[in-house]
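Chemist: Top line first, the protein sequences correspond to chains S and P.
The working numbering puts the first residue of the first sequence at 381, with every later residue one more than the last.
The working numbering puts the first residue of the second sequence at 588, with every later residue one more than the last.
These are calculated hints, taken from the structure and not from any lab test.
Quick reminder that beta carbons are idealized off the backbone N, C-alpha and C, glycines included.
Possibly wrong hints are sitting among the right ones.
[Unchecked claim] DSS-like, lysine-lysine: derived pairs with alpha carbons at most 27 Å apart: (1) P/K640 <-> P/K605; (2) S/K383 <-> P/K642; (3) P/K644 <-> P/K657; (4) P/K642 <-> P/K658; (5) P/K644 <-> S/K383; (6) P/K605 <-> P/K658.
[Said to hold, decoys possible] Listed next, with one range per pair, are the computed distances between beta-carbon atoms: (7) P/D638 <-> S/F491: 35 to 45 Å; (8) S/Q422 <-> P/T702: 15 to 25 Å; (9) S/T432 <-> P/W700: 36 to 46 Å; (10) P/V639 <-> S/E425: 36 to 46 Å; (11) P/V704 <-> S/T432: 42 to 52 Å.
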Amino acid sequence: DAKTTQPNSMESNEEEPVHLPCNHSTISGTDYIHWYRQLPSQGPEYVIHGLTSNVNNRMASLAIAEDRKSSTLILHRATLRDAAVYYCILRDGGSVGGGFKTIFGAGTRLFVKA
Amino acid sequence: DVKVTQSSRYLVKRTGEKVFLECVQDMDHENMFWYRQDPGLGLRLIYFSYDVKMKEKGDIPEGYSVSREKKERFSLILESASTNQTSMYLCASSLLADPARIGNTIYFGEGSWLTVV
Numbered sequence: 381d382a383k384t385t386q387p388n389s390m391e392s393n394e395e396e397p398v399h400l401p402c403n404h405s406t407i408s409g410t411d412y413i414h415w416y417r418q419l420p421s422q423g424p425e426y427v428i429h430g431l432t433s434n435v436n437n438r439m440a441s442l443a444i445a446e447d448r449k450s451s452t453l454i455l456h457r458a459t460l461r462d463a464a465v466y467y468c469i470l471r472d473g474g475s476v477g478g479g480f481k482t483i484f485g486a487g488t489r490l491f492v493k494a
Numbered sequence: 588d589v590k591v592t593q594s595s596r597y598l599v600k601r602t603g604e605k606v607f608l609e610c611v612q613d614m615d616h617e618n619m620f621w622y623r624q625d626p627g628l629g630l631r632l633i634y635f636s637y638d639v640k641m642k643e644k645g646d647i648p649e650g651y652s653v654s655r656e657k658k659e660r661f662s663l664i665l666e667s668a669s670t671n672q673t674s675m676y677l678c679a680s681s682l683l684a685d686p687a688r689i690g691n692t693i694y695f696g697e698g699s700w701l702t703v704v
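Modelling step: build the complete structure from the supplied sequences, incorporating the hints.
Modeler: This is the structure in structure tokens:
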């Protein structure tokens with residue numbers, strides 16, 4: 381199973397950009413890269429995903445390396461509400477019937493300073 | 588709005604008790620998951636189900652079983668609770684992925700905090 385590696389924690393100042401890295405050197409050709417975040421006392425929520433091209437949405441941007449062995453989640457202007465654990469995961473395929481396992485690691489805890 | 592509902596937010600059970608954690612989703616999703624979350628260990632997959640009555644073991648199935656009698660409901664069962672099963676349990680669901688592994692959003696419930704004493 382392809383795995384991801386993320387730093388345990390990162391710190392940012394409010395209103396500044398944040399770049400959260402993720403390494404996935406064993407990614408397979410059709411694995412999608414997903415990012416989720418978990419706010420305190422809540423379940424994780426979807427942030428963004430991509431395959432090969434960089435992606436943008438209202439929450440964040442995702443930059444994917446050309447060889448797909450790493451990616452970076454970019455929060456353009458961090459706010460106190462962005463303090464959370466961020467998970468980089470790969471969608472891992474297939475059991476019989478088309479289902480799949482999804483493996484989460486420990487994630488990166490982002491601290492945002494006012 | 589999509590919704591994954593876990594029946595109990597906080598439970599306290601005694602060692603040896605049988606514990607049921609219930610999860611319901613209203614999105615007609617084929618896939619449902621149970622994770623447990625412990626400090627420093629992230630989310631670990633216990634079981635998942637890709638269809639009614641179908642289940643597969645995740646990374647840590649020992650001491651747990653699951654039931655999926657209806658599409659919208661996925662239950663986690665601790666046959667004989669032990670103190671090392673004290674944890675936060677998260678249920679999740681997603682649409683059926685096709686063999687090409689297209690990107691697909693997972694929706695989580697708010698979590699159930701279980702304490703076994």
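Chemist: Each hint: holds or not?
Modeler: Outcome of the hint check:
1. P/K640 <-> P/K605: 21 Å, holds
2. S/K383 <-> P/K642: 23 Å, holds
3. P/K644 <-> P/K657: 19 Å, holds
4. P/K642 <-> P/K658: Since the Cα atoms of P/K642 and P/K658 sit roughly 12 Å apart, the hinted pair holds (cutoff 27 Å).
5. P/K644 <-> S/K383: 18 Å, holds
6. P/K605 <-> P/K658: Holds: P/K605 and P/K658 sit about 23 Å apart, inside 27 Å.
7. P/D638 <-> S/F491: 35 to 45 Å: Holds - the Cβ-Cβ distance for P/D638 and S/F491, about 41 Å, lies within 35 to 45 Å.
8. S/Q422 <-> P/T702: 15 to 25 Å: At 19 Å between Cβs, range holds.
9. S/T432 <-> P/W700: 36 to 46 Å: Roughly 39 Å apart at Cβ, these two residues keep to the hinted range, so it holds.
10. P/V639 <-> S/E425: 36 to 46 Å: For S/E425 against P/V639, whose Cβ atoms are near 26 Å apart, the range 36 to 46 Å is violated.
11. P/V704 <-> S/T432: 42 to 52 Å: Distance hint for P/V704, S/T432 holds at roughly 50 Å.
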